[in-house]
Structure formats: C-alpha cells, structure tokens
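Participant: Here is how the chains run, residue by residue.
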Amino acid sequence: MFDYTFQWGQAMARLPQMLEGAIVTMQVAVLSMVLGIALAIVLTLLRLSGSRPLMAISTTWVEVARNTPALFQIYMAHFGVASFGLYLNPFMSLLVGITFNNAGYLAENFRGALKAIPDTQARAGRSLGMTQLQAFRYIIVPQMLRISFLPMTNQMVWAILMTSLGVTVGMNTDLYGVTQDLNALTFRTFELFAIAAVIFYVITKTITLGGRLIAARLFRY
Amino acid sequence: MFETALTTRDLWFLAQGAGITILVTAISVVIGTILGILFGVIRVQLGPILSAPLTFVLDIFRSVPLLIQLVLTNAFVGIVLQWQISGFTVACAVLSLYTSAYCAEIVRGGIDAVPQTTRRAARSLGMTWAQDMVYIVTPLATRVALPSWIGLALGVMKDSALVYVVQVTELLKSTQILITRLQEPLFLLLICGAFYFIISFPLARLGGYLERRWSND
Amino acid sequence: MKTLTLIAAATALTGLAGIAQADKLDDIIASGTLRCAVVLDFPPMGMRDENNEPIGFDVDYCKDLAAALGVDAEIVETPFPERIPALMSNRVDVGVASTSDTLERAKTVGFSVPYFAFEMAVTANNSTGIDSFEAMKGFTVGAVAGTYEAIALEEYVNQWGEGSTFRPYQTQADVFLALSQGQLDATVSTSTVAQANVQSGNFGDISVVGFAPFDTDYVALFTRRDEYGFLNYLDLFVSQQVRTGRYAELYEKWVGGELPDLTIPGVYR
Numbered sequence: 001m002f003d004y005t006f007q008w009g010q011a012m013a014r015l016p017q018m019l020e021g022a023i024v025t026m027q028v029a030v031l032s033m034v035l036g037i038a039l040a041i042v043l044t045l046l047r048l049s050g051s052r053p054l055m056a057i058s059t060t061w062v063e064v065a066r067n068t069p070a071l072f073q074i075y076m077a078h079f080g081v082a083s084f085g086l087y088l089n090p091f092m093s094l095l096v097g098i099t100f101n102n103a104g105y106l107a108e109n110f111r112g113a114l115k116a117i118p119d120t121q122a123r124a125g126r127s128l129g130m131t132q133l134q135a136f137r138y139i140i141v142p143q144m145l146r147i148s149f150l151p152m153t154n155q156m157v158w159a160i161l162m163t164s165l166g167v168t169v170g171m172n173t174d175l176y177g178v179t180q181d182l183n184a185l186t187f188r189t190f191e192l193f194a195i196a197a198v199i200f201y202v203i204t205k206t207i208t209l210g211g212r213l214i215a216a217r218l219f220r221y
Numbered sequence: 001m002f003e004t005a006l007t008t009r010d011l012w013f014l015a016q017g018a019g020i021t022i023l024v025t026a027i028s029v030v031i032g033t034i035l036g037i038l039f040g041v042i043r044v045q046l047g048p049i050l051s052a053p054l055t056f057v058l059d060i061f062r063s064v065p066l067l068i069q070l071v072l073t074n075a076f077v078g079i080v081l082q083w084q085i086s087g088f089t090v091a092c093a094v095l096s097l098y099t100s101a102y103c104a105e106i107v108r109g110g111i112d113a114v115p116q117t118t119r120r121a122a123r124s125l126g127m128t129w130a131q132d133m134v135y136i137v138t139p140l141a142t143r144v145a146l147p148s149w150i151g152l153a154l155g156v157m158k159d160s161a162l163v164y165v166v167q168v169t170e171l172l173k174s175t176q177i178l179i180t181r182l183q184e185p186l187f188l189l190l191i192c193g194a195f196y197f198i199i200s201f202p203l204a205r206l207g208g209y210l211e212r213r214w215s216n217d
Numbered sequence: 001m002k003t004l005t006l007i008a009a010a011t012a013l014t015g016l017a018g019i020a021q022a023d024k025l026d027d028i029i030a031s032g033t034l035r036c037a038v039v040l041d042f043p044p045m046g047m048r049d050e051n052n053e054p055i056g057f058d059v060d061y062c063k064d065l066a067a068a069l070g071v072d073a074e075i076v077e078t079p080f081p082e083r084i085p086a087l088m089s090n091r092v093d094v095g096v097a098s099t100s101d102t103l104e105r106a107k108t109v110g111f112s113v114p115y116f117a118f119e120m121a122v123t124a125n126n127s128t129g130i131d132s133f134e135a136m137k138g139f140t141v142g143a144v145a146g147t148y149e150a151i152a153l154e155e156y157v158n159q160w161g162e163g164s165t166f167r168p169y170q171t172q173a174d175v176f177l178a179l180s181q182g183q184l185d186a187t188v189s190t191s192t193v194a195q196a197n198v199q200s201g202n203f204g205d206i207s208v209v210g211f212a213p214f215d216t217d218y219v220a221l222f223t224r225r226d227e228y229g230f231l232n233y234l235d236l237f238v239s240q241q242v243r244t245g246r247y248a249e250l251y252e253k254w255v256g257g258e259l260p261d262l263t264i265p266g267v268y269r
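Protein chains in written order, with this note's numbering: chain A, 1 to 221; chain B, 1 to 217; chain C, 1 to 269.
FYI, nobody ran anything at the bench for these hints, they're computed from the structure. Do not rely on the hints blindly, as some may be mistaken.
Under the rule of at most 25 Å between Cα atoms (straight-line distance), these lysine to any residue pairs were calculated in the SDA-like manner [unchecked claim]:
{"no.": "1", "chain 1": "A", "residue 1": "Lys205", "chain 2": "B", "residue 2": "Ser63"}
{"no.": "2", "chain 1": "A", "residue 1": "Lys205", "chain 2": "B", "residue 2": "Phe76"}
{"no.": "3", "chain 1": "A", "residue 1": "Lys205", "chain 2": "B", "residue 2": "Gly155"}
{"no.": "4", "chain 1": "C", "residue 1": "Lys63", "chain 2": "B", "residue 2": "Val80"}
{"no.": "5", "chain 1": "A", "residue 1": "Lys115", "chain 2": "B", "residue 2": "Ser148"}
{"no.": "6", "chain 1": "A", "residue 1": "Lys115", "chain 2": "A", "residue 2": "Leu145"}
{"no.": "7", "chain 1": "A", "residue 1": "Lys115", "chain 2": "B", "residue 2": "Leu206"}
{"no.": "8", "chain 1": "C", "residue 1": "Lys107", "chain 2": "A", "residue 2": "Phe6"}
{"no.": "9", "chain 1": "A", "residue 1": "Lys115", "chain 2": "B", "residue 2": "Met127"}
{"no.": "10", "chain 1": "C", "residue 1": "Lys24", "chain 2": "B", "residue 2": "Ser86"}
{"no.": "11", "chain 1": "C", "residue 1": "Lys137", "chain 2": "A", "residue 2": "Met92"}
{"no.": "12", "chain 1": "A", "residue 1": "Lys205", "chain 2": "B", "residue 2": "Ala204"}
{"no.": "13", "chain 1": "A", "residue 1": "Lys115", "chain 2": "B", "residue 2": "Val80"}
{"no.": "14", "chain 1": "C", "residue 1": "Lys107", "chain 2": "B", "residue 2": "Leu81"}
{"no.": "15", "chain 1": "C", "residue 1": "Lys24", "chain 2": "B", "residue 2": "Gly155"}
{"no.": "16", "chain 1": "C", "residue 1": "Lys107", "chain 2": "B", "residue 2": "Val80"}
{"no.": "17", "chain 1": "A", "residue 1": "Lys205", "chain 2": "B", "residue 2": "Ser148"}
Heads up, incomplete: computed chain C residues facing chain A, CB under 10 Å, no partners named [claimed, not checked]:
{"no.": "18", "residue": "Glu77"}
{"no.": "19", "residue": "Phe80"}
{"no.": "20", "residue": "Met88"}
{"no.": "21", "residue": "Ala150"}
{"no.": "22", "residue": "Ala152"}
Nothing here was measured: the structure is a model prediction, and the numbers come from that model. For glycine and all other residues, C-beta sits at the position ideal for the given N, C-alpha and C.
Starting from the given sequences, assemble the full structure and let the hints guide the process.
Facilitator: Below you can see the structure in the form of structure tokens.
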C-alpha cells in the first residue's frame, strides 16, 4: 500500500525510555499546576486588594500570559531572563514558563468564578468576626476552586501538552524530548512520534475522565 | 539596551515573519471554523452515540501536543505517502483541523444553550429544520459562542508559533534567526512578544466585552 | 474473470510505468531546480548575511552543484535535527548540510564520498577554568541535538556520571547563546564553527580550549539511498570540486588555513 517500510519493532524497543519521559512530563505538569493554582490565588487576591500597583501587577501578568504564545514564554524563561543574570536549567525554565502561563489563565478563570459567589457571603463572614483574609480563605477560595474545577482540569491538559515545548530550551528528559533524541538516533520519525502521540492521548484522556469522576463525586449537592 | 545592530531591513524581515503568522492563522481559522460548524452541527444532530467516531477523531486533536501533530502529519504525508506538499500547506491543514476540533465544541455548546422550548416553538410555527437553524438557533447560539470563538482564534495565532517545526518561517522563527545573527536575545524577544500582544490584547478585550454585554440580558 | 483481467491490466501498466520512470537525477534536471537542505546557523558553513540571505561554504557548494546540473539552486533552511526528515519527506533533493556519514544514518539515507572534514573543538566559558576535553567532567555541557558531536559527547557524559550534565539544544546559535550566558559551561562543536563564533565577539568571554578526542568528522552529501544514479553523480561532483581547485578556493574564502584532506589513509573510501 505504501512505498515505505514501517519498522515498529525498532520504535517499540524504545518504549521503556519513552514511558520514563512520560513520568517526567507528568511531574512538570503536576508541579506547574500546584504552583499555578497557588499563584493564581495570589493574583486574584492582588486584584481584589484595591491597591493600584498591586492590581497592575496582577493585570499585567494575566494579560501577558494570555496574549503571547506559550513557546515564547518558555523561551523567555530560559534565554530572556538569563540576560538579567538569572540562569534556569531546562527543567526549571519549562516549569517556570508553564507555571507563568497556568497562573495567568487560572486567575482569569477565578475571576469568572468570583462573580458567581454573592458578595453577601463575604460580608456575612466579616460580621461573624472573620478578618478579610479569613473570609477570603475560608469562604471564597473553596467555592472558587469548586466552580473552576473543570476549567482547572482543562488547564492541566494544557500543561501536559505544553511540556512538549521544552525541547526549545534544551529539555531532553520529558516525553517529547526523549522522542526527539531517539529520532535523531534512528530516524524512525513516524513510528516514534506515533507512539508518543498515543502516550500523550492516554495521559490527557485519563486526566479528563478522572477529573469528571472526581467532580461528580466531590460536588454532589 | 537601546543600542542595537537591528536595521530597518531586519525589521522588514520580522514583519515578513509576522505576515506569515497572520496568513497561517487566517487560513486555519477560516477553514477550521467552517469545518467546526459542520462537525458541531453533525454532533448535535446525530446525538452522542452515532457521532462517537467523529467525537473520537476530533478529540485526538485536543489531546495530543500540536508539535507532535505537525511532526507526525509531516512525516506521514512526506515519508509514508511521498506526497510533494509544502510545509506551509501541512501547517495550514493541521492547524485547520486543530481549530475545527475546538470550534466544534464551541458550536455544540452554543446550540445546546438554545432552549429546546424555543426551538420547538419555532418548529410548531411551521418553520422547517433549516429555517429553525438559520433564524432561531444561529442568532442565539452566536451570542453564546462568539466570545469563545474569538478566544479560539487568538489561541490559534499563538499556537501558530509551533509551525516552525515544518520549516515555515513565522514570527518567532524569524526572531530566532535574527538572534542567531545579532545576539541580542532579550531585545529581539521583547519585540516579538510585543507584536503578539498588540494583535491579541485588543481582540481579547473585545471578546471579554461582548461576553459581559451579552450575558447580562 | 473480470477481476483477473483487471489485475493483469494493472500489472502490465505498472510494469510499463516502471520502465518509463525517471530517476531523481532526471527529475531534478526536468524541474529546473535543485533543492538543498542547508543548516543556516552553522558559520562558516551556513549562515545569513545582513540582508538575512543565506551564505557560507555549504551554500556555495549547493550553488556549484546546481550549476553543474544546469539548474537553479534553492536553499531550504533545515535545523540539524530536521535534515534527514526533510529529505525523507521530499522537501529537498540533496543535503549539503555538513552531515557526518555515520553507519546509523546510512540505514536511512545514501551518502556521497566526504566533501569536508571537521575537527571537534571544545569551547568553554572562561569563568569555568575548563582547559581541555577531560576538564569538562563535572560541568554542564551541551551541543546541538542530533549531531555527531552531541551523540558522542552524551556518551562521555553518561560515563563521567554524577555532576556532569548534558543538554541538547535545537540550534547551534542556542548552544552558543547558552554558553555565553553561562547556562552551559562548555560545548563541543566543529572547530570551524567554534573559531567563527569566538572571533565574532558576539558571545562574550568564551574561548576554544582544545580538541575533543573524537575521530575526524567526515561529512558527506546525502540523498535517498536508492538513488544510485544521483549518488554516483554526487561522488563525481565532490571529486571534480577537489580536482578543479574549487574546494581549496571555497575553503580559503570561508574558513582559511590548512586544507583538510578528504581521503582516509589505508582504505578506499
């Protein structure tokens, strides 16, 4: 059918190495999500702070993260910030780049979620003697996280997909990096990347379905 | 930082890269949207079970990194099928399908947001399915879908930075070429980032504005 | 019965088409254009001038080859990891891309006789105090993903073990950028690229500190491995470039110094 000899055996022999790469990919994605959520909460807090400079920081972060390519952000985290004498190794550059992106998008999601939480709740908290921060911490944040749970699983999928951009900053231990290294050795481009695609598909589907199951279980009213 | 070896010719070179970015984005968004509307309507009409194969295929475009989609398609078309197709065409084809996968979701969401009762009312007034779709569903669904669609179009523009992998010299790649020659990474990267921002930010704001305006009534 | 006739007819047609089929060499001459894969961030072999047009040894070599064939040259820029995929996916006709003729690669593509030879040099950031290849042990080193030197260097780093780190970058420019920024302590690259980059002064406080103990890196032109006609032409072309003195002329123009010998002592090819 094709004038091309597939050599799946050669590619499949590299599967263990690729699976190791998949673990690194998941590590980066999970870390970037945890840090991203924490930073997004801080950004939301800054936005609510009422102080102009703090609000400006929050807005700038969110808008730059949402309006420039993720590849640009990661490249910048490696080669751009190095111009200021700050050296991040490939793993850190990738992590910082994706975290920056995650935090921006999640903060925007949180902003939408906040609208769904009536002001009166925070005021009720205040009248019970909570400080503003306590009201935020115990009343707003839990609801905010619950409302934005599905957008967060989407962002997690994005984080997984974004790890593939690490090759541009010298990352060679994640799934995409490993696949590209193997490709340079064997030139079985199609076979290797097809296997990588399947692994990525399985990971992202697991996250989406897992997210839905957790949501169904956690958020029964 | 403002002492630079950058010449007007280099700026022109960057502008050409930016032109490619816009061209690839425009082609992919137009084709992707047409396909996306088609796929979205098919999915709603057939229901979840009959449209499962289509859903599965579209899902792949949303579950595999775009970089891999590009490399894999390029390898399949060129190495396996031995077709003579330019990298530009491969980039547009992949990005179009990628766009259509997300667009189909938006379209589906838009149609689902139109109340069944409204549609039944239209049909009971004697409208055909096509009339219902054109006069009732389209205006109402567009209100729901347009802000997300603007977000998608901007997303595609940003994602088009990855087509360098099939040898298309778009904006980010042009920037890298100049970095190679001039060795002023920060300055050049800031120019490149500013360009994306200038296009994306006003449109993103417009999307946000429409979303607020249309969700209030 | 009908099916059988159809199959017979189809077979006959395929057979005829087989006889009439032109090979790569005919295709190139007929198309009027020779598409060369060239790496353009690899001075002085391939780079860009102030108009961002491709120049360099490989660019001139491609133009010479096109002139010999009587067609126009088209330079297709390919990053190092994309050279062979670009050929396999028919985006280019031939690679004039300083490609080492390894046995692993020869499983996929066909190589001509060597048209250039590199020594591998170690370039280090002066602040590290690295003064030789062995001194790189324990440092962070890097090279361009998928190149001969990257594959060899990564093996050494794996042997050196703890403390030594290997990082592949996508382009030669990114490697030297990382080196000048201090993200890499040292790199192994061809001595020509190392000299060109150190002399350019673009990369700050770096210098060439010695040679890597790798074998001489012979690089060859490559095309599809089943295109014997074209491969034969390429072999003869390389030989003619040397005979006519054009090889020496290009070497003087782009590199300078002692002309590398392209023959391997004690063996035919």
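Participant: If you draw a straight line from the CA of Lys205/A to the CA of Phe76/B, is it 25 Å or shorter?
Facilitator: The given pair, whose Cα atoms are some 24 Å apart, holds under the 25 Å limit.
Participant: So, Ala150/C near chain A? Judge it on the closest CB pair being under 10 Å.
Facilitator: The hint holds - Ala150/C has a Cβ within 10 Å of chain A, the shortest such distance being about 8 Å.
Participant: Does the alpha-carbon distance linking Lys107/C and Val80/B stay inside the 25 Å limit?
Facilitator: Given that 25 Å is the threshold and the Cα spacing comes to 16 Å, the pair holds.
Participant: For Lys24/C and Gly155/B, compute the direct alpha-carbon distance and say whether it is at most 25 Å.
Facilitator: 41 Å, violated
Participant: Is the straight-line distance between the alpha-carbon of Lys205/A and that of Ser63/B 25 Å or less?
Facilitator: Roughly 7 Å separates the two Cα atoms, so the pair holds.
Participant: Is the straight-line distance between the alpha-carbon of Lys137/C and that of Met92/A 25 Å or less?
Facilitator: 22 Å, holds
Participant: Going straight from one Cα to the other, do Lys63/C and Val80/B come out at no more than 25 Å?
Facilitator: 30 Å, violated
Participant: Would the hint linking Lys115/A and Leu206/B be met if the CA-CA limit is 25 Å?
Facilitator: Distance ~19 Å between Lys115/A and Leu206/B Cα, so the pair holds.
Participant: Would the pair Lys115/A and Val80/B pass a check requiring their Cα atoms to be no farther apart than 25 Å?
Facilitator: 52 Å, violated
Participant: Are Lys107/C and Phe6/A close enough, with their CA atoms no more than 25 Å apart?
Facilitator: 13 Å, holds
Participant: Mind checking the alpha carbons of Lys107/C and Leu81/B for me, to see if they're no more than 25 Å apart?
Facilitator: 20 Å, holds
Participant: Would the pair Lys115/A and Met127/B pass a check requiring their Cα atoms to be no farther apart than 25 Å?
Facilitator: 38 Å, violated
The earlier numbered hints that this structure contradicts are 4, 9, 12, 13, 15, 18 and 22.
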